[in-house]
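Colleague: Residue numbers (full-length UniProt numbering), protein chains in the order written: chain X, 1 to 325; chain S, 1 to 325.
If you're looking for bench data, these hints aren't it; they were derived computationally from the structure. Keep in mind that this is a model prediction, so the values were computed, not measured. From the three backbone atoms N, C-alpha and C, an ideal C-beta is built for every residue, glycine too. Just to be clear, a hint being listed does not mean it is correct.
[To be verified] Quick list of simulated restraints, FRET-style, between CB atoms: (1) X/5 <-> S/54: 54 to 62 Å; (2) X/141 <-> S/142: 33 to 41 Å; (3) S/243 <-> X/263: 46 to 54 Å; (4) S/246 <-> X/97: 24 to 32 Å; (5) S/90 <-> X/139: 17 to 25 Å; (6) X/227 <-> S/139: 34 to 42 Å; (7) S/97 <-> X/147: 19 to 27 Å; (8) S/46 <-> X/171: 28 to 36 Å; (9) X/310 <-> S/43: 55 to 63 Å; (10) S/288 <-> X/41: 50 to 58 Å; (11) X/238 <-> S/243: 40 to 48 Å; (12) X/5 <-> S/322: 28 to 36 Å.
[Said to hold, decoys possible] Below, a sample of chain X positions facing chain S; criterion: calculated Cβ distance under 7 Å: (13) 23; (14) 24; (15) 120; (16) 164; (17) 175; (18) 184; (19) 185; (20) 214; (21) 217.
[Unchecked claim] Calculated cross-link-like contacts (lysine-lysine; reagent style DSSO-like; alpha-carbon spacing at most 27 Å): (22) X/189 <-> S/215; (23) X/215 <-> S/228; (24) X/215 <-> S/215; (25) S/179 <-> X/179; (26) X/179 <-> X/228; (27) X/215 <-> S/189; (28) X/58 <-> S/215; (29) X/189 <-> X/215; (30) S/189 <-> X/320; (31) X/189 <-> S/172; (32) S/179 <-> X/172; (33) S/172 <-> X/172; (34) S/228 <-> X/189.
Next come the chains, spelled out residue by residue.
2 protein chains.
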Amino acid sequence: MNQFEQFHLFLENADPILVVAHLYPDGDAISSTLAMGYVLRQLGKKVTMVNESPIPQKFSFLPGVEEIKLADSVSEIFPYAIALDCADAERMGSCRSLIREKAIVVNIDHHATNDRYGTINIIQPQAAATAEIIFDWVEEADFPVDRQLAACIYTGLLTDTGGFRYSNTSSKVFTQAAKLLETGIESHKIADAVLETVTMEQLQLLQTALSTLQKSEDGLVAWMDLRKQDIDRFANSHEDLDGIVNYARNIYGVDVGILFHETNDRTIKVSFRSREMVDVGNLAKSFGGGGHARAAGCSISGTLQEAHHRVLSLVQSKLKQECEV
Amino acid sequence: MNQFEQFHLFLENADPILVVAHLYPDGDAISSTLAMGYVLRQLGKKVTMVNESPIPQKFSFLPGVEEIKLADSVSEIFPYAIALDCADAERMGSCRSLIREKAIVVNIDHHATNDRYGTINIIQPQAAATAEIIFDWVEEADFPVDRQLAACIYTGLLTDTGGFRYSNTSSKVFTQAAKLLETGIESHKIADAVLETVTMEQLQLLQTALSTLQKSEDGLVAWMDLRKQDIDRFANSHEDLDGIVNYARNIYGVDVGILFHETNDRTIKVSFRSREMVDVGNLAKSFGGGGHARAAGCSISGTLQEAHHRVLSLVQSKLKQECEV
Ligand SMILES: [Mn+2]
Ligand SMILES: [Mn+2]
């Protein structure tokens with residue numbers, strides 16, 4: 001029996017169903033929740049969509065988004081749940097408490113690290129997004145795809161591939177995107193809302209960070225700072241800092257881009273991005289942090305100057321090793 | 001006889017062939033030149049690829065790009081030419097002088113305004129890029145598509161759709177992208193080089209512009225300035241200013257983004273971008289400029305302050321009209 005067949009058996013009896021994704025939801029988490037919720041309701045199910053965290057404003061255009069409830073506001077406990085885009089059960093955050101102890105949980109995800117916490121586990125690490133898996137299911141089951149469903153799935157593909165720019169952008173992703181556009185969705189408006197739109201505060205933070213931009217003599221490392229007072233002044237949420245570090249990495253010839261930001265008087269959060277030479281996951285690990293080869297982070301006690309010194313000297317020695325290989 | 005059949009007849013005799021695109025070439029112009037040159041050489045033709053302007057550094061990864069010659073360095077005059085992505089013959093710039101007076105010219109383009117200056121005209125306004133038309137031809141003729149050819153065509157699609165974000169991103173564009181990725185091209189590296197990579201100078205210009213960012217009281221208009229001395233200090237080419245105006249337009253709630261930049265002591269160049277309310281093409285026309293509804297520009301004599309005043313008051317009155325409708 002393939003994974004979708006198990007899921008279909010589950011759907012024969014499951015009702016009501018809780019649909020949940022990870023806390024601090026990204027485009028894929030939100031879109032997957034909405035797409036799954038939409039199809040289940042078409043199938044006549046009583047569905048509650050929930051998240052621990054509020055939905056970022058830039059996703060407010062998504063059809064049905066106002067129906068995703070905050071965990072706090074739900075009192076019901078569910079015998080059936082579908083967890084989306086969660087590599088482990090903890091990623092659901094406080095939504096876990098809405099799932100009955102012996103509930104049947106369907107775990108649909110594309111993270112290779114998924115620990116198979118579900119009763120039924122549909123894990124496809126080769127998928128670029130959980131939305132991609134949902135679209136596979138929708139197609140296999142021959143559910144009709146209207147604009148509302150297409151807009152949700154498209155948003156998931158778009159965001160988890162970084163606007164079709166990351167290495168997970170497969171031929172299949174484009175084939176799915178082509179089919180979704182045939183429903184008549186205005187993909188340019190989705191891209192505008194999700195990928196282009198910024199707040200005034202984000203630009204003010206970016207400007208402040210860029211005013212501190214420095215590059216190493218060899219041109220391989222670029223870094224920027226954000227002081228606590230800048231963040232207090234301009235950032236409404238942690239999200240507002242997203243993407244700033246990429247500006248350093250994106251400079252022609254740079255391999256490692258770094259953002260140092262003061263979180264309080266004695267701690268500096270460090271974000272790393274790299275192109276191909278330095279494994280910044282390893283680098284971050286040296287400071288007790290973590291992440292991937294191309295994107296990682298850590299926290300360092302001390303002043304900005306101390307953090308600069310410790311991080312930049314290690315980056316330089318890693319680069320020297322790389323150049324010697 | 002369809003357009004491609006005429007083109008095939010042309011190819012029976014044409015040799016040597018000049019392949020040319022528009023001056024200040026963008027990704028589509030460069031990619032189309034390389035893709036066409038590559039296929040014609042596979043067909044055994046003697047091909048000279050040429051452009052009036054140097055190729056921007058960010059396209060230097062494209063296979064064969066070093067073979068595109070500057071018009072100045074070519075002394076031969078050609079009896080056959082293929083003009084790509086040029087809405088009129090003037091767009092070839094000085095390359096026109098390399099085409100014999102009674103030459104047979106094939107005009108392949110996707111601009112709706114194309115004036116059909118060719119002997120054979122293959123104009124497809126519904127195509128997102130000239131590269132899309134070339135891929136149609138390649139497929140119809142059943143030419144093999146290897147990675148080198150795929151990388152070129154992909155780059156053309158990618159750049160002319162603004163990374164698949166503009167409204168010209170059709171289902172067909174995604175279908176073509178899916179096929180191109182099947183050759184094994186590393187599309188994420190192309191996106192990185194072409195869409196993400198910036199120069200230090202571009203970031204310095206961006207930082208300077210952002211430091212002047214202002215928003216109207218109603219939040220519908222945002223604008224920035226660049227003074228002559230900033231541009232002299234940081235910009236290597238006009239290209240370095242590209243995209244800066246988008247930051248103003250992209251602010252949440254803003255409809256019109258404007259960049260004012262001093263070109264000399266008494267002239268201000270004004271770039272406009274808009275979301276949906278104000279037709280900035282009309283707006284620019286009021287000042288003797290031009291463009292489209294969503295992107296336009298003009299030049300205004302006077303100081304920055306005078307330009308602000310004249311432009312912003314007209315924008316406000318257009319917005320008032322819009323809101324009254
Ligand atoms: Mn995901
Ligand atoms: Mn073009």
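Colleague: Confirm or reject each hint.
Modeller: So, going through the hints one by one against the coordinates:
1. X/5 <-> S/54: 54 to 62 Å: 59 Å, holds
2. X/141 <-> S/142: 33 to 41 Å: 36 Å, holds
3. S/243 <-> X/263: 46 to 54 Å: Distance hint for residue 243 of chain S, residue 263 of chain X is violated at roughly 31 Å.
4. S/246 <-> X/97: 24 to 32 Å: With a Cβ separation near 44 Å, residue 246 of chain S and residue 97 of chain X fall outside 24 to 32 Å, so the hint is violated.
5. S/90 <-> X/139: 17 to 25 Å: 49 Å, violated
6. X/227 <-> S/139: 34 to 42 Å: Violated, at about 55 Å.
7. S/97 <-> X/147: 19 to 27 Å: For residue 97 of chain S and residue 147 of chain X the Cβ distance comes to about 52 Å; the hint is violated.
8. S/46 <-> X/171: 28 to 36 Å: 35 Å, holds
9. X/310 <-> S/43: 55 to 63 Å: 59 Å, holds
10. S/288 <-> X/41: 50 to 58 Å: Holds: the Cβ-Cβ distance is about 55 Å, inside 50 to 58 Å.
11. X/238 <-> S/243: 40 to 48 Å: 26 Å, violated
12. X/5 <-> S/322: 28 to 36 Å: At roughly 54 Å between Cβ atoms, residue 322 of chain S and residue 5 of chain X fall outside 28 to 36 Å, so the hint is violated.
13. 23: 23 Å, violated
14. 24: 19 Å, violated
15. 120: 30 Å, violated
16. 164: Holds, about 5 Å.
17. 175: 4 Å, holds
18. 184: 10 Å, violated
19. 185: 10 Å, violated
20. 214: 10 Å, violated
21. 217: At about 13 Å, which exceeds the 7 Å cut-off, the nearest Cβ of chain S leaves the hint on residue 217 of chain X violated.
22. X/189 <-> S/215: 22 Å, holds
23. X/215 <-> S/228: Answer holds: residue 215 of chain X to residue 228 of chain S is near 25 Å, not above 27 Å.
24. X/215 <-> S/215: 32 Å, violated
25. S/179 <-> X/179: Given that 27 Å is the threshold and the Cα spacing comes to 14 Å, the pair holds.
26. X/179 <-> X/228: With a Cα-Cα distance of about 46 Å, the restraint between residue 179 of chain X and residue 228 of chain X is violated, given a limit of 27 Å.
27. X/215 <-> S/189: 22 Å, holds
28. X/58 <-> S/215: 20 Å, holds
29. X/189 <-> X/215: 36 Å, violated
30. S/189 <-> X/320: Status holds; Cα separation ~24 Å.
31. X/189 <-> S/172: 18 Å, holds
32. S/179 <-> X/172: 9 Å, holds
33. S/172 <-> X/172: Measuring from Cα to Cα gives roughly 14 Å; hence the hint holds.
34. S/228 <-> X/189: 35 Å, violated
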